[in-house]
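First to last, the sequence lines map onto chains A and B.
Under my numbering, the first residue of the first sequence is numbered 1, with each subsequent residue one higher.
Under my numbering, the first residue of the second sequence is numbered 327, with each subsequent residue one higher.
In case anyone wonders, no lab produced these hints; they're calculated from the structure.
Even glycine gets a Cβ: it sits at the ideal position worked out from N, Cα and C.
It cannot be assumed that every hint is accurate.
[What the hints assert, rightly or not] What follows is a list of derived Cβ distance ranges for each label pair:
| # | chain 1 | residue 1 | chain 2 | residue 2 | range |
| --- | --- | --- | --- | --- | --- |
| 1 | B | Lys498 | A | Val140 | 34 to 42 Å |
| 2 | B | Asp366 | A | Val140 | 37 to 45 Å |
| 3 | A | Asp129 | B | Ala423 | 54 to 62 Å |
| 4 | B | Val524 | A | Asp129 | 43 to 51 Å |
| 5 | B | Thr544 | A | Glu326 | 26 to 34 Å |
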Amino acid sequence: MRTAIRLLTAASFAATLGFASSASAYTVYVSNEKDNTISIIDSTTLKVTDTIAVGQRPRGILLTNDGKYLLICASDDDTVQVFDVETKQVIRELPSGPDPELFVLHPSGNPLYIANEDDNLVTVVDIVDNKVLAEIPVGVEPEGMGISPDGKVLVNTSETTNMAHFIDTATNEIFDNLLVDSRPRFAEFNQDGEKLWVTSEIGGTVAVIDAKTRKMITKISFEVPGVQPEAIQPVGLRVTKDGSRAFVALGPSNRVAVINGETHEVEKYLLVGQRVWQLAFTPDEKMLFTSNGVSNDISVIDTEKLRVIKSIGVGRFPWGVAISKE
Amino acid sequence: MKAIVKANLKNLACKTLLLGALTAVVSTLGPGAAFATDPDNPYWPCIQRKVPHISAGMMWGGPLVDESDRSWRRDDEVRGLVETLSARRMPIEEAQARIDSYAAGLGEDKQTKLTVLFTGLLSHTNAERSDIIAGIEKFARRQIALSKQIKETAAESNKLTGTGDAGPEALKQAQALDEKLLWDTRVFDEREQSLTYVCEVPVLLEQRLFALARQLATHLE
């Protein structure tokens, strides 16, 4: 009976938020950097259902293509943990190189490309055989990792060298570099593989790059009324599947910028939580989840209405967000 | 611990080793190591980034506010609320409930009144944070001065005993210097430990203001 009431409440809550109760329920995973935990959120009730202890300083997280495992950069343990989403336990570790922070999975589901900030390397790891396939020397303090939809081009950004390095995944060698603004943090390709977006935290800009010619198309700047420019620090970025919109987390300005994917104009700035860091869409792209490192919460954005509909308290210093495919 | 150290000092060989270790420790002190790494703020000792001022747009999605507007001070009720809500001894849930009851009692001028209240909270928090930030920087300067002093004392003591053929007078002087060195190092370390909490305060104030502003905003929609 109590369960029935709870379900009813959850359904009416979802309806109040404007989502049909038939909408898919996704599982949202959040890494809490300071608490060494993963918070698990139900996308229908928008409530934390579980908090699980993992390795030290969990930051970048992603789900494997089959949805069975959550990979966690346990930065201070110098490892990538494999978390079974069914049993909610860390079942093994991957060799990651020191201080893994962000990574990206090949579209085929294997291998995994890991940025090792301290070693100026990108480590290529076979996640099935648990072994390092290659180490690619890149610029100083590698950070952002993006991969083209066809899996042929890996892009790594290096924070100190201020470059986007283009790596051929067949040879694991850099074949081109592009200078971007100071402290590039994140790289993401459009689903059609035409454009590449790179955020620059200190530069305060987002570079939109022609992925084929590797030339800069434009550089987007931000201006939020009532916010000093130095607080505008672009970090996480996500582009919709159709490329019509990009969302950029602007760090300590506590805003997410909504960018028109065609004109590259900023359409709106949404006030979310403090020090907004990484972003993740639900697979239907109806909601965008943002990790807010200082206010210790997750903001949920309704991507159609462009409104923040909910704040969900999680652990301390939420960093990464990953969402199940179903 | 101090007794053990003193006993060790009686042995010249041990003393040389100890001084060597202390010198190694103090040589890492100073603006570059004991303190944070932000080159723009050499006297900022915290790991947390220095944010000297919180601007309205970082906290508030409501109507634009003029941060220099002091009219909130003329409204007794708002002024009282600003004081009460800003005080960290009041649990945030309680503060948020106070905002709810204040908003519930407002009429047509609700938007204006809540905006004025936000301006007051912003102004109050910025003033409090400025004082704390100035205090932290003053503290950092004192630590830098002390680390310099420790380095000098260690060098002086080493000079007296470094050759290995120091006379009784030189040894006596060196012992006095070593005791001073131990004391100063201890003071330095204890101060460093208290810094961890102090550095959290500006962020705690920022978090509180954001939580209050977010609560105010729920009544503007």
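Structure-based check of each hint:
Remark: the range hint 34 to 42 Å for lysine 498 of chain B to valine 140 of chain A is contradicted by a beta-carbon distance near 52 Å. Hint check: aspartate 366 of chain B to valine 140 of chain A, Cβ distance near 20 Å, so the stated range 37 to 45 Å is violated. Checked against the hint of 54 to 62 Å, the pair aspartate 129 of chain A and alanine 423 of chain B passes, with Cβ atoms roughly 56 Å apart. Between valine 524 of chain B and aspartate 129 of chain A the CB atoms are about 49 Å apart, so this pair conforms to the stated range of 43 to 51 Å.
For the pair threonine 544 of chain B and glutamate 326 of chain A, the beta carbons lie near 33 Å from each other, so the given range of 26 to 34 Å is met.
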